[in-house]
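Engineer: Now for the letters of each chain:
2 protein chains.
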Amino acid sequence: MSATALSELVTDGFGLDHLPYGSVSDGDGAPHLAVRIGDHAVLVRDLLDSEDPAELRDAADAPNLDRLLAAGEDAWTALRALLRDRVAHRSAPARAITDVVLHMPFTVADYVDFYASEHHASNVGKLFRPGQPALLPNWKHLPVGYHGRAGTIGIGSEIARPHGLRPEPDGVPSFGPSRRLDIELEVGFVLGGSAPEGRLNLDEAAGHVFGVVLMNDWSARDIQAYEYVPLGPNLGKSFATSIAPWITPLQALEAARVAPPSRDTPLSSYLDDEASAPWGLDLLLEVELNGEVVARPPFSSTYWTAPQMIAHMTVNGASLRPGDFIAGGTVSGPERGQRGSFLELSWGGEEPLRLADGSTRTFLEDGDRVVLRGVAVADGESHIRLAECDGRIIASA
Amino acid sequence: MSATALSELVTDGFGLDHLPYGSVSDGDGAPHLAVRIGDHAVLVRDLLDSEDPAELRDAADAPNLDRLLAAGEDAWTALRALLRDRVAHRSAPARAITDVVLHMPFTVADYVDFYASEHHASNVGKLFRPGQPALLPNWKHLPVGYHGRAGTIGIGSEIARPHGLRPEPDGVPSFGPSRRLDIELEVGFVLGGSAPEGRLNLDEAAGHVFGVVLMNDWSARDIQAYEYVPLGPNLGKSFATSIAPWITPLQALEAARVAPPSRDTPLSSYLDDEASAPWGLDLLLEVELNGEVVARPPFSSTYWTAPQMIAHMTVNGASLRPGDFIAGGTVSGPERGQRGSFLELSWGGEEPLRLADGSTRTFLEDGDRVVLRGVAVADGESHIRLAECDGRIIASA
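Chains as they are written, first to last, in the numbering used here: chain A, 1 to 397; chain B, 1 to 397.
These aren't lab readings, by the way, just hints derived from the structure by calculation.
Given the structure is predicted, the values throughout are model-derived calculations rather than measurements.
Positions of the beta carbon are idealized from the N, C-alpha and C atoms, including for glycine.
Just so you know, not all the hints are guaranteed correct.
As the list claims (entries may be wrong) - Far from chain B by the CB rule (all over 10 Å, computed), these chain A residues:
id : residue
1  : M1
2  : S7
3  : D12
4  : D49
5  : P53
6  : H89
7  : A134
8  : A150
9  : A259
10 : S268
11 : S300
12 : R336
13 : S346
14 : E350
15 : E351
As the list claims (entries may be wrong) - Computed list of chain B residues with no C-beta within reach of chain A, every gap over 12 Å:
id : residue
16 : G29
17 : A75
18 : H141
19 : E381
What the hints assert, rightly or not - Label pairs and their computed distance ranges (CB to CB):
id : chain 1 : residue 1 : chain 2 : residue 2 : range
20 : A       : G29       : B       : P53       : 21 to 31 Å
21 : B       : A259      : A       : R95       : 25 to 35 Å
22 : B       : V293      : A       : D61       : 50 to 60 Å
23 : A       : D272      : B       : S276      : 46 to 56 Å
24 : A       : Q132      : B       : F128      : 13 to 23 Å
25 : B       : E254      : A       : P130      : 51 to 61 Å
26 : A       : Q132      : B       : G156      : 38 to 48 Å
Please put together the full structure from these sequences, using the hints given.
Structural biologist: Structure below.
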């Protein structure tokens with residue numbers, strides 16, 4: 001493969017200021033860590049020189065992000081500075097993304113999904129506990145979350161409709177394919193660095209966030225509804241969680257930082273972010289169903305920030321590991337068109353969504369394709385386009 | 001180190017019919033996979049010959065069980081047969097367990113904790129939902145479970161009392177050390193083998209169970225009570241989960257197989273074990289607090305079996321990985337002295353346990369030491385002693 005002047009590959013949203021990381025191979029060979037420039041992938045090791053620091057060369061000469069995640073924040077900064085310089089000024093072999101095989105960009109250690117959107121939590125409360133307060137008493141005091149299945153997080157785009165036990169009016173559950181298969185549009189955070197044992201304060205927590213990725217937390221609402229008391233979601237979620245194949249470095253999103261929503265309930269000191277640098281992110285997100293945009297949730301409306309989630313996760317002394325992955329749960333804004341799940345968009349299935357082709361939708365049908373998109377907004381303009389998270393439902397026996 | 005005739009090392013409970021696996025080092029050097037004979041550790045690689053199958057030599061020449069877990073059931077059987085023969089007839093270097101450093105015996109992939117004891121679930125129901133049916137409607141239709149934190153499972157014996165948000169009468173939680181720190185006596189199952197995608201039936205599921213280990217699912221009841229709606233336990237559990245450092249091969253427990261309790265509710269076909277080989281285990285367990293036995297829970301009273309939990313985990317298409325770890329939740333029998341948690345033993349703290357030294361106990365105090373023990377019973381005799389799970393509570397700042 002001949003070398004290409006890398007600066008010429010830049011496209012809108014995937015330029016020098018972005019450089020997301022992924023894992024690519026030619027199908028037969030071993031996967032390698034790569035950066036994306038426009039619609040091309042360039043191996044990170046092809047951009048480093050023998051006189052570059054050994055730690056960075058070691059992290060670059062890897063199948064995926066795992067070594068870089070372990071190396072910690074200083075290495076993330078150093079490698080990014082170096083890549084930006086080289087991409088601006090050098091040529092290197094580049095392959096069209098459509099010509100490579102994409103692999104999972106990192107090995108997931110533990111995965112914790114939170115419930116950080118006030119509008120989402122309120123919608124769910126109204127749907128399932130009508131006549132009661134929309135938020136449970138603990139919701140504004142801590143970021144509620146649960147551990148999900150790390151082993152079924154992937155970048156694959158075919159999602160088999162799960163089977164399981166579904167509630168029935170007579171109280172005896174029936175076994176079969178989910179009848180209420182849903183999406184959850186989420187923003188995931190990839191963590192790294194070597195954390196000391198013991199709790200992290202908000203500043204320390206922020207230093208463990210390596211990158212950001214769009215995520216679809218596929219959810220079988222009927223299976224979930226039957227199983228979830230009293231220990232939370234399990235089979236209704238564990239069949240598959242999709243992430244986009246390219247991880248946006250947090251440092252690419254500095255200009256999109258905004259203040260989170262104002263806190264109307266006093267927080268315990270380990271969660272109190274009033275004196276901290278603002279850690280909301282102005283990401284405009286989009287849910288596309290079969291080519292039609294059906295929702296535009298604003299991530300900036302999310303109540304709990306990533307550092308708050310991490311400070312909470314570790315306040316009991318639990319350790320972090322490189323590759324830990326957290327997400328904030330469904331992103332929903334205050335408007336109907338800003339809801340990040342079909343549960344909310346169709347109001348529990350009671351108000352079917354009318355699509356442009358005249359059909360209606362409550363939950364997902366076999367063959368439905370859902371693409372999640374997002375752009376980061378800074379100074380009124382978007383220079384960063386998050387990689388798409390793309391999935392299609394297939395029937396399963 | 002000189003070689004010892006291994007058959008002379010055998011003690012009651014850790015003989016030729018047991019041979020649990022662990023990971024040991026001399027502290028400075030690398031850890032190695034080992035078997036336990038009596039109170040001694042012998043490296044597995046010291047028992048294999050160059051003409052033994054390459055797959056077994058590869059699994060033996062490893063720091064821990066990870067490669068053997070991946071190799072699958074046939075390899076487990078072959079290696080065990082070979083080790084039994086060699087231990088019976090050979091000499092090899094052996095080190096007293098007190099002279100080696102013990103390491104985590106395998107890398108935990110995903111960890112799922114179930115709620116499989118009917119007596120435990122009923123006790124919890126009576127405590128938290130007085131006046132209502134003790135079991136929730138779903139309990140006898142599926143094994144309820146949730147994903148726990150894999151990264152904080154360990155063999156360490158010092159457990160720092162966790163801090164967190166505790167419920168208060170005025171509705172505003174307070175931050176501080178848990179006031180209701182508890183144990184959960186559990187039996188864990190280490191899984192392995194390469195599973196095809198898609199659901200496993202009960203027989204296939206059974207073939208993925210490599211071994212059994214005593215486990216203490218330390219639980220901060222106050223933190224858990226405040227956080228757990230609606231997504232289940234998180235910080236109340238994630239600070240630490242202890243397992244014993246030696247994994248008993250399932251094949252050592254064949255003679256302890258018993259039928260599980262009779263099922264009074266018809267089961268969906270993927271969970272129906274009426275025609276299956278009995279998969280209960282006759283394990284007599286013991287909770288010792290500061291040298292005094294305070295409970296003797298019988299594992300044979302557990303309603304859901306390991307194959308049922310695995311068949312359930314995969315019925316939605318979720319894949320297994322070698323190193324997946326599941327447990328059945330607190331083991332409690334029908335009698336008061338058979339309860340596997342202080343929550344139950346002290347009936348929610350209302351009926352303090354009177355100890356032999358005249359003191360009382362509701363939940364754990366700093367300095368308390370809890371040792372979990374178990375023996376497998378076959379034909380009225382116990383030949384297998386599960387390795388102890390030992391932990392002590394220390395104060396934390």
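Engineer: State for each hint whether it applies.
Structural biologist: Against the structure, the hints come out as follows:
{"no.": "1", "hint": "M1", "verdict": "holds, 34 Å"}
{"no.": "2", "hint": "S7", "verdict": "holds, 41 Å"}
{"no.": "3", "hint": "D12", "verdict": "holds, 37 Å"}
{"no.": "4", "hint": "D49", "verdict": "holds, 33 Å"}
{"no.": "5", "hint": "P53", "verdict": "holds, 27 Å"}
{"no.": "6", "hint": "H89", "verdict": "holds, 41 Å"}
{"no.": "7", "hint": "A134", "verdict": "holds, 13 Å"}
{"no.": "8", "hint": "A150", "verdict": "violated, 6 Å"}
{"no.": "9", "hint": "A259", "verdict": "holds, 24 Å"}
{"no.": "10", "hint": "S268", "verdict": "violated, 5 Å"}
{"no.": "11", "hint": "S300", "verdict": "holds, 23 Å"}
{"no.": "12", "hint": "R336", "verdict": "holds, 23 Å"}
{"no.": "13", "hint": "S346", "verdict": "holds, 20 Å"}
{"no.": "14", "hint": "E350", "verdict": "holds, 20 Å"}
{"no.": "15", "hint": "E351", "verdict": "holds, 23 Å"}
{"no.": "16", "hint": "G29", "verdict": "holds, 23 Å"}
{"no.": "17", "hint": "A75", "verdict": "holds, 21 Å"}
{"no.": "18", "hint": "H141", "verdict": "violated, 5 Å"}
{"no.": "19", "hint": "E381", "verdict": "holds, 37 Å"}
{"no.": "20", "hint": "A:G29 - B:P53: 21 to 31 Å", "verdict": "holds, 29 Å"}
{"no.": "21", "hint": "B:A259 - A:R95: 25 to 35 Å", "verdict": "violated, 59 Å"}
{"no.": "22", "hint": "B:V293 - A:D61: 50 to 60 Å", "verdict": "holds, 56 Å"}
{"no.": "23", "hint": "A:D272 - B:S276: 46 to 56 Å", "verdict": "holds, 54 Å"}
{"no.": "24", "hint": "A:Q132 - B:F128: 13 to 23 Å", "verdict": "holds, 19 Å"}
{"no.": "25", "hint": "B:E254 - A:P130: 51 to 61 Å", "verdict": "holds, 53 Å"}
{"no.": "26", "hint": "A:Q132 - B:G156: 38 to 48 Å", "verdict": "holds, 43 Å"}
When each numbered hint is compared with the structure, violations occur for hints 8, 10, 18, 21.
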